[in-house]
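J.: Listed below, chain by chain, are the residues.
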Amino acid sequence: MSFTAAKRALLAALEAGDIQHEAREVLSEKNLLAVGDVSVEEVIAVVRRARGHDYSTSPHHWNADTEVHLLRPIVDGTSWYVKAYFLEEPAGTAVFISVHR
Amino acid sequence: MKIIEEGTRGVALAPERGKVPVVFEYRDLTLDSGLVVRDVLVGVAEDTREVVTVPAQSTPRIRLARQAAKEETFSVRIPLELNDVLWGVCYELGANPTKFNSALIRFYLHEATDDREMARRLKKLSTASLAGRASKTKLTLRSDASLLARVKQVEERDGVSRSELVRGAVLAAKEDVFDRPRKQRLAQLRAIAEAV
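These protein sequence lines map, in sequence, to chains A and B. Heads up: take any position in the first sequence, counting from 1, add 25, and you land on our numbering. Heads up: take any position in the second sequence, counting from 1, add 56, and you land on our numbering.
Please keep in mind that the hints were generated in silico from the structure rather than gathered at the bench. Since we're looking at a predicted model, the values are computed, not measured. It cannot be assumed that every hint is accurate.
[Stated by the list, open to error] Output of the computed footprint for chain B on chain A, the stretches with three or more beta carbons under 8 Å from beta carbons of chain B:
(1) 37 to 45
(2) 79 to 91
(3) 96 to 107
[Stated by the list, open to error] Taking lysine to aspartate or glutamate pairs in the EDC-like style, the calculated list, with each CA pair at most 16 Å apart, reads:
(4) B/LYS75 x A/ASP90
(5) B/LYS58 x A/ASP43
(6) B/LYS75 x A/GLU114
(7) B/LYS75 x A/GLU113
(8) B/LYS208 x B/GLU220
(9) B/LYS208 x B/GLU250
(10) B/LYS75 x A/GLU40
(11) B/LYS180 x B/GLU102
(12) B/LYS180 x B/ASP200
(13) B/LYS179 x B/GLU211
(14) B/LYS126 x A/GLU54
(15) A/LYS32 x A/ASP62
(16) A/LYS55 x B/ASP170
(17) B/LYS155 x B/GLU127
(18) B/LYS75 x B/GLU102
(19) B/LYS208 x B/ASP170
(20) B/LYS58 x A/ASP90
(21) B/LYS126 x A/ASP62
Cβ atoms here follow ideal geometry from the backbone N, Cα and C, with glycine treated the same way.
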């Protein structure tokens, strides 16, 4: 999936509220979106500000067929880290692994 | 917001196993700080029963549970006469006494952290004879950690204890409601009384 396609799909999922958060029996509080420390609107703004050089991708280590999308834009001097994947490519429910500053 | 109903089935990634079938159920969810949030909708792996995903609709509940966990209670000993003042203020404003006392004291403490004049007023009132009587009853109050941290700064800045600030707050309420009522302050206190 290209950066543009990943960004578009992430924004679509966020705007539709079609998002989940990865858990490993416990939920990580480093996922600030999951625990409500940052809002969906804030993450939408962060994703919108991301550019191609802020983006990287890698296979999920639990399932090599799942592509993990990592965005690390700097917004108003703050570095963001947004890591998510889609349960069904090329779009659908976005599952966030981590959202933090 | 997409709302998932209990019993809905789907898929999610599980540690070391990749995609697995899940069913959404209301369960107690543990956060990595150890906090347990009751009755949260989560996606559970059908075979191992482990929690592997949390839908967006559970976030407000998790957020509120974390905020509540940050709230602290603190207790101060006060004279019985000051307790009567609190009951009197509560009665006068038609408030629910179980929640109003904390809200009233929090209001004055918050004012003292924002306004040095209020901090000085509470300190001065804490030396009044009514506040100096034997403290025979315990007042337990709820507050959030951030307010208590700011109160701590007032304590250090103005050389006053938290107990003194609370005793001063009770007497400030007495002045503002009974002795020298001012329209604006009374309106604030009435708004608090109605809100709790």
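J.: Give a verdict on every hint.
T.: These are the hints, each one checked on the structure:
Remark: the region 37 to 45 of chain A is confirmed as covered by chain B, as 5 of its residues place a Cβ nearer than 8 Å to a Cβ of that chain, reaching the required three. For the region 79 to 91 of chain A, the stated coverage by chain B is satisfied: 5 residues place a CB nearer than 8 Å to a CB of that chain, which reaches the threshold of 3. Look at the region 96 to 107 of chain A against chain B: 0 of its residues bring a Cβ nearer than 8 Å to a Cβ of that chain, fewer than three, so the hint is violated. Note on B/LYS75 and A/ASP90: the hinted pairing holds, with a Cα-Cα distance of about 10 Å set against a maximum of 16 Å.
Our distance criterion of 16 Å between C-alpha atoms is met by B/LYS58 and A/ASP43, whose separation comes to about 6 Å. This hinted pair checks out: B/LYS75 and A/GLU114 have alpha carbons roughly 13 Å apart, not beyond 16 Å. Taken as a hint, the B/LYS75 and A/GLU113 pair is honoured in the structure, with Cα atoms around 11 Å apart against an allowance of 16 Å. For a cut-off of 16 Å, the pair hint linking B/LYS208 to B/GLU220 stands: about 12 Å separates their Cα positions.
With a C-alpha separation of about 29 Å, the suggested pair B/LYS208 and B/GLU250 falls outside the 16 Å cut-off, and the hint is violated. Of the supplied pair hints, the one linking B/LYS75 and A/GLU40 is violated, its CA atoms being roughly 25 Å apart against a limit of 16 Å. Our distance criterion of 16 Å between C-alpha atoms is broken by B/LYS180 and B/GLU102, whose separation comes to about 64 Å. About 25 Å separates the Cα atoms of B/LYS180 and B/ASP200, which puts this hinted pair outside 16 Å; it is violated.
Proximity of B/LYS179 to B/GLU211 is assessed by CA-CA distance (about 10 Å); at most 16 Å being required, the pair is judged to hold. With a CA separation close to 14 Å, the supplied pair B/LYS126 and A/GLU54 stays within the 16 Å bound. Using a Cα cut-off of 16 Å, the hinted pair A/LYS32 and A/ASP62 is violated, with the two alpha carbons roughly 22 Å apart. Taking the CA atoms of A/LYS55 and B/ASP170, the gap is about 32 Å. The hint is violated against a cut of 16 Å.
Restraint check for B/LYS155 and B/GLU127: the C-alpha separation of about 14 Å stays at or below 16 Å, so the hint holds. Of the supplied pair hints, the one linking B/LYS75 and B/GLU102 holds, its CA atoms being roughly 11 Å apart against a limit of 16 Å. Proximity of B/LYS208 to B/ASP170 is assessed by CA-CA distance (about 13 Å); at most 16 Å being required, the pair is judged to hold. Taking the CA atoms of B/LYS58 and A/ASP90, the gap is about 26 Å. The hint is violated against a cut of 16 Å.
Taken as a hint, the B/LYS126 and A/ASP62 pair is honoured in the structure, with Cα atoms around 13 Å apart against an allowance of 16 Å.
Violated hints for the displayed structure, listed by number in ascending order: 3, 9, 10, 11, 12, 15, 16, 20.
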